[in-house]
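**Q** Residue strings, one per chain:
Protein chains: 2
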Amino acid sequence: MPANNSDLIKIPVVEIESRLVQVLINHGFSYAKAKTCTEVFVGNSLDGIYSHGVNRFAKFIGYVKDGHIHPNHDAICQHSIGGIEQWDGQSGPGPLNAISSTDRAMELAAKNGIGCVTLANTNHWMRGGTYGWRAARKGFVFIGWSNTIANMPAWGAVDSRLGNNPLVIAVPYQNEAIVLDMAMSQYSYGALEVAQLKNEKLSVPGGYDEHGKLSYDPVAIKKSWRALPIGYWKGAGLSLLLDILATILSGGLSVSEISKDKIESKLSQVFIAIDIRKLGNFKSIASAIDQIINDYQQSVPEKKGKSIRYPGENILKIRAENLEQGIPVYKSTWSEIQKL
Amino acid sequence: MPANNSDLIKIPVVEIESRLVQVLINHGFSYAKAKTCTEVFVGNSLDGIYSHGVNRFAKFIGYVKDGHIHPNHDAICQHSIGGIEQWDGQSGPGPLNAISSTDRAMELAAKNGIGCVTLANTNHWMRGGTYGWRAARKGFVFIGWSNTIANMPAWGAVDSRLGNNPLVIAVPYQNEAIVLDMAMSQYSYGALEVAQLKNEKLSVPGGYDEHGKLSYDPVAIKKSWRALPIGYWKGAGLSLLLDILATILSGGLSVSEISKDKIESKLSQVFIAIDIRKLGNFKSIASAIDQIINDYQQSVPEKKGKSIRYPGENILKIRAENLEQGIPVYKSTWSEIQKL
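Listed in order, the protein sequences are those of chains A and B.
Start counting the first sequence at 32; every next residue gets the next number (the numbering used here).
Start counting the second sequence at 32; every next residue gets the next number (the numbering used here).
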């Protein structure tokens, strides 16, 4: 949730949608592309991922204005080897490239069981979970990740040379999905900002202060620019490997190459889909997942009465609430969008 | 390294090898299977992963004696859908099933670009990195994981219902490999034991004490049985998703089903290989990885003079040292193996 509730207004979905579509068209998007892009931004806010939804739209338009995002460039297939295709995103809009890559990975999976699309020279996909939900709702397992601009130090280092390279894993579940969408840093800089605005400490250490001590203080961490990788050396290692894979599989730019420009564009991404409907029917997949989740939810909570949630579980409730009540947007953000 | 140096002896590789092969033959392994299994145990110790090498051999033989591991059962293919094959490990030796699955994933990748073998009803693969090194040395990207018996609580829970489900990602690098091999818990119980024996505290919090506080004390964590997932809620979520995928893709048992028996057997695993030699030559893969690692190693270290290492980097040195000087084994372990 955004930081300060008094600065928030709730705007009906259709009102936001029509405004975003119009702004995108004004900035050179075709009607169809404007619609799809809007669905991603609005969908992310609907799901409660406000940092990568409507709140980020003005920044996205800024990238269009500055020529980093080409509204009507489509990704093109550069090389195909059966189950893998290597695409060039041609600096098109990140969400559109990611959608077409996800859909293509599913097509390849429908043919081969498993399909992999790699994508070079794309832009920020906003929220990675979008593509996990998309694939899982259509009955596919999804594994995907993106590299980013450098924003996290290697383990034992003070300067940022790793990306927080979000990783998404999704599976179909009860007509919806279980979707893990996690960056390799314990907190995003967006989350640190929210905590700072609320004048709150973090619930677990999120990075280092200027004296090199682990800190719960978002302000201190933002000063040092030393975000903490999840699991210390482990998340740093995972970030490095995800970058290597995205780079070599797509033939695109690495975190260090992206970071030379100080602008987060020309990213490299990987989209893997698996068509589980084609698997051998040794046992029902749906009931296997039910069994795992049922056992998981029977965990004894640390705090009495607290429920143990699976990744993405909360989103269905938030989505229903926002659909009914409107999407919470900062007043300043909304007035900025009105002027675009 | 094992805990107490005075209890260690260094034994030449060939001496260990011939003993392990003999013991395996005595317990019903064919000569060829005994040789391959021995290579895995000795290789893991050579690489410095002592907890999953020779030190674990007696426990492995115990599983054979108790009928959990069937020495000469081979995995069989149950279902094939192009790029994916589902195999049943038939409770054969975990390392042998994992090797054949890795090799088969590479064959599928050589045909389709990407190949995926899933494996139900297998046994502990010992060290997951073994299979990453194997595939990467042959020029393949490798992504693989295993589920385990429940040994880690969900986030916000006190009882263990998640596995620490190790994840392995490997890429070829300079005739060797970069290999990430990480469990979802910050420390394995083996690592906690080593710290306890050395009377040392952990370098970062490894779990909770009996009062529910994060702790650096291996003894306190072993009392509470509350190991910490890497990145708190993130590692717990990743563990859950890896278990769901291993279970549904293989048609095998989940962490909770495995845990009913209190014996870690009938595991589910996934092996994905990608044949990078078949990718489009937009740029040299080897020089792309060099570029990433070079930049990474130029990180400014927190402690002056300390080098920033990539996952697996240290192993080459340890391997060379152990090959020359012999493998460090506990005296008690070696005498136990002599009696098997």
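In case anyone wonders, no lab produced these hints; they're calculated from the structure.
Certain hints may be false.
What the hints assert, rightly or not - Estimated spans, in silico, between C-beta atoms of each pair:
(1) A:Glu231 to B:Glu231: 29 to 39 Å
(2) A:Lys90 to B:Gln121: 32 to 42 Å
(3) B:Gln369 to A:Ser234: 22 to 32 Å
(4) A:Ser363 to B:Gly221: 50 to 60 Å
(5) B:Ser315 to A:Tyr247: 38 to 48 Å
This one's a predicted model, so the numbers in the text were calculated from it and none came from an experiment.
Positions of the beta carbon are idealized from the N, C-alpha and C atoms, including for glycine.
**Q** Which earlier hints can't be squared with this structure?
**A** Violated hints (numbers, rising): 2, 3; every other hint is consistent with the structure.
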